[in-house]
Structures are given as structure tokens and as C-alpha cells.
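Colleague: Residue strings, one per chain:
Number of protein chains: 2
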Amino acid sequence: MATPVPPQEHPASTHTPRYLTGDGAGIREFIDKFDVFLFDCDGVLWSGDHLFPGTNETLAMLKSKGKQVVFVTNNSTKSRADYNKKLEGLGIPSTTEEIFSSSYSASIYISRILQLPANKRKVFVIGETGIEQELRSENVPFIGGTDAAYRRTITPEDYKAIAAGDASLLDPEVGVVLVGLDFHINYYKLALAYHYIRRGAVFLATNIDSTLPSSGSLFPGAGSMSAPLIMMLGREPVSLGKPNQAMMDAIEGKFRFDRSRACMVGDRANTDIRFGIEGKLGGTLGVLTGVSSREDFVEGDVRPTVYLDKLADLLGCE
Amino acid sequence: MATPVPPQEHPASTHTPRYLTGDGAGIREFIDKFDVFLFDCDGVLWSGDHLFPGTNETLAMLKSKGKQVVFVTNNSTKSRADYNKKLEGLGIPSTTEEIFSSSYSASIYISRILQLPANKRKVFVIGETGIEQELRSENVPFIGGTDAAYRRTITPEDYKAIAAGDASLLDPEVGVVLVGLDFHINYYKLALAYHYIRRGAVFLATNIDSTLPSSGSLFPGAGSMSAPLIMMLGREPVSLGKPNQAMMDAIEGKFRFDRSRACMVGDRANTDIRFGIEGKLGGTLGVLTGVSSREDFVEGDVRPTVYLDKLADLLGCE
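These protein sequences, in sequence, are chains A and B. So for the first sequence, UniProt numbering puts the first residue at 1; every next one is plus one. So for the second sequence, UniProt numbering puts the first residue at 1; every next one is plus one.
Keep in mind that the hints are not guaranteed to be accurate.
[Unchecked claim] Subject to a maximum C-alpha distance of 30 Å in a straight line, what follows is the list of computed BS3-like cross-link-like pairs (lysine-lysine): (1) Lys-65/B <-> Lys-85/B; (2) Lys-254/B <-> Lys-310/B; (3) Lys-86/A <-> Lys-160/B; (4) Lys-160/A <-> Lys-310/B.
What the hints contain is simulated information worked out from the structure, not anything from laboratory work.
Based on the provided sequences and hints, a complete structural model is requested.
Modeller: In C-alpha cells form, the structure reads like this:
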């Protein structure tokens, strides 16, 4: 007798995603399946500093139908409050509570999930103010980050002191190294981070995107800050950004929704769509206004449930 | 009829390296096989600033037997002249002509092997003065390096200018990016290097050692400077240091020796000994005063022809 095969919501990405642009009935049916929409932002709601036409109307339509909206970003340089300002600057009505960033995800992971010994609770930060603000909001003590004392050239005395584990340079209470995008990355910070991890600190990254989209091109991303440490240590950090499920767990922990009634919306198959599929959400929605192409969505290894030319095509349900 | 198997000097590292410490006859026989000895330095001749006892006597003994000595280093921060000063500072008689560094190797590769178009001959350097001096010695034009103009924070205007390919930031004559150890590595330099390579520049590294030994510990090495670019680009640079054979070719091109009459001496199986084996030298000599252990040499994947407790044990031939 054959063993019954359990139903699979995403059968190994061999399904053909449904194309919903212009399909009013299909859109209505899709929207009705969900209570919560998780939005990737850049490439979905806007590109760089350019808000896509219809973004606000689409978000308003979803809210008018009682849907919860969450903005999910891997950008670690901004806090949720900073990011809220960015959304408002682009004209998108939002609250800090609707925003979930990788810096916040990392802070929650450190404060609520990692069980650090009492004398190892400090975080050595490679990153910008967004991480610092979120660590403060969770009462996590930290050093490094934007502190000007770390923006200097390494000296011959530093090598000796670091090698000797001198407490004037290596704080014995540091139990975590958290690496995010740092526009002031330098040799000294990398040397300290490496030695903290070698001495037992947990190696975390806000996210490991190798590149940062800006001005229509690409620049070094948070993953590029971790890359030297990964090469030196021969191992990867725990990443708290998409597509890592630690971020999904943190989002669910905060918003307490039913995953089968949630949909992830994004422009990147390998991060956004993968994040939703591996998080076992009820559905995923791809849009063609960012990185992935129709071919990626329809023939790639990671395929959304449905896809649209652009987010505002959801307005076609009305 | 069975095809005859060609003889292999290093039969897939299943041989047991001969241990020569205390074996006077074995040492004499080994030395007599070679005209040239290529020496790795740190871990073989000295450790940090500590010259091993007997180093000078051993080198003098080899020279008295008419052997040619070459010092081969992956250290890209020093020029050959700087490195000669270091050797002399440690009391080792040497000349600049006896030294072969990865910065020199890279400079020779660029000036004599790469066929760059006339309008693409400039090198964008991530690295220190050693690289600059060696590029100058080969009349290779370069920008970047120790130029203070590159030791600054990236600005919002830079993103736009770099993305647009503005010639005020991206010199159109740059055809090579050369990455070595840079104690002043920063985000701006990484962004420029990435964009030069994306625009077609050849991606070279002086060496890809992930770590730099110092003060009895490890610090970020030249490979850690390339790591962000490797992650962003999804490909590796051509490395001109050990164990890459481009360096062996350059050494042979300069010293014009018979490889079967040359021996590589080193403390690291995976770089030094591999370098000699893949270079098809007549022999390799491992010493136990550095990174690799007896177990590495006797049971590892890459095994030297012979090994000694320490280099000065060669004096046991007398």
C-alpha cells in the first residue's frame, strides 16, 4: 500500500506562478486568503528615492480591507524610527510599529533568544546608528559602532595588546560581535571583531546581502563587512535578516499572526520569496519592479505563488 | 598490454616524508641534489622579530657550498628593498636581488605578462607602500594606494558619481585593480575597486592569505581585503603570491634555474610545500618551527619530501 504523500503548499517550485495583472477576480480571491501582508520595500514600494505610482493607494486599499501591513527591511543602517521617517518622506503613511528591520531583528535575538552569561552581555558592533538605536531599545549594552574611538588606524602597540588580550582594547564582557553595514569599516575594527570571536563571542550579522543598491547601481553591502571575518574564521555568522528564518520567528513573535494567513511580497526570488516559502507562509507575491525577472519567477528554483507586473496592479480588484 | 605509468616525484602525497634531523648522511645527500633553495621566511628563518638560532650559519653553509638562496615572501606591504632592510635588521646578510615578494611578483605580472590596451594601463591599488614601490620599479602607472585622498568617508555625492561612471572619481585609464594588505582599507576604496572591476578592470591580488601572523597571533591578511570584492563579484582574483604558480613562473623567469635542481623550504604545508610541489621542483623541505605540525607533514594531503625539527638542523651535515 502506498504511503500517502502529505500535501505541499510549494511543491519544490515546479508549479507555474499565477500571473494576476489584469485578473480582477484572481486578485480578489488572492487578497481574501490573507490577514497580513509582509512587504519588502525597495523594488516593491519604491526604487531609491522614487515612489512607484499607486503604492499609497494599494496600501490604503489593503488597510481598508482590514489587512495588517508590515514593512520588512534588511537595511541595518537605520532604526525603525529612522526608517519610518524615510517612508513618511516618500509620502507613505506608516508607524514605527509597522516596521521590522534587520537591526531590530538582531537586537531582539540578542536580548530575548541568546542566553548570554551575566558577564558576557556586551555587544561589539560593526555598523551604523540604526543598530545602536535598536540595541538601546532592547537595553543591550554595546561598544564599537559609531564611537569615534574606533575610527582610527591600527598601531604596532595595538597588535601586541590585542594578541595579549589586553582588557584596555578587548572588553572582557563582550559576548557577541554583531556585523552590519558600516560606512566606516576599517582594519582596526576587523582585527578586534576577529579576536572577540576567537575568544568565544557569538558571531552575528544583521544580514548578509553582499551588495547595497544605491543610485541605480550597487555598492558594498552588509555581507561585505562580514566577508573578511568569514574568510579568516572559516565560518559564517548567524544572519538575522531575510531570508534567515530567525527574522521570521522574530516577526511572528512580535505580531503573533497565523502564518497560513500571511503573504510575503517582494521583488527578489532568492531573498524575499524564499523568506516567505521557508517561513511556510500561506502565500508569496512577486513583483517585476525590482531585481527578479518574469523568467526568474516562472522558471527559477524559487517561485512565488503569484506575480504581478507591479504592486499597484492589486488595485485591479476594485 | 598495460600502459606504463610515468614516474611521479610526489606520488599524490602518499609517501612518508623522510625525517632528517640528526641524519648527517641523509642531509648531505639531500643538499647535494639542489643548486637553488627558495626560502619562506617567517616561521623558517625567524618568528616575528625573533631570529632562530643558527639561521645565519645555515644560510652561510649553503652559500659556501655554492647554493643560490632566494627569499620568497607573500608580504605585500614591503618592497624588496624594505624587506632587505628587515633581513639585515635581523642580522641576516642579504641583497635586494635575493628577495622575491608578492608585490614584486604582481608588478612583473602586470608589466610583462598582462597585455593591457594602451589606454588601460593604470592600476588602482588597495595596499601599502611596498606595492607602490614595486609598481614604480616596473614603470607601471597607478592611483590609490597610500594616497591620502582615498582615506576618507564615502559621501552621498560619491554614490551618484560612481554609479554614473564620473571620470573625476573613476579614472577611465584604470585597467587593473590590485589588492594587497591595506591597513587603511575603507568603504570608499572597496566601492571604487568594485566599480573598476565591473567596468572591465582585471582583478588581481598580491596574495590571498586570509590572516597575517603578528605578535604571536593572527590579524586580517591580504585575502581579507579581497574577501568583500570576491563576495560582491562572485569570483576570485588572480593571486600572484604563494601557492599560485604565477609567482613560481616569475621567480624562474628572473633567476633562470633548473626546477629539478631547486628546493622549496617552508613551514606551511598548504602554501609553501604546495607551492614547491605544484611548481614541480626537485624537492621540498618542511620545518616544524612555524604553522604546520609533524602530523601535517607526515599524514596530511600535502607532504614535503623531507622535514626537520628546525632549519639549523641542516648544519648536521658537517
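Colleague: Hint by hint, say whether it matches the structure.
Modeller: Hint check:
no., hint, in the structure
1, Lys-65/B <-> Lys-85/B, "holds, 25 Å"
2, Lys-254/B <-> Lys-310/B, "holds, 29 Å"
3, Lys-86/A <-> Lys-160/B, "holds, 19 Å"
4, Lys-160/A <-> Lys-310/B, "holds, 26 Å"
The structure fails none of the hints (numbered hints given earlier).
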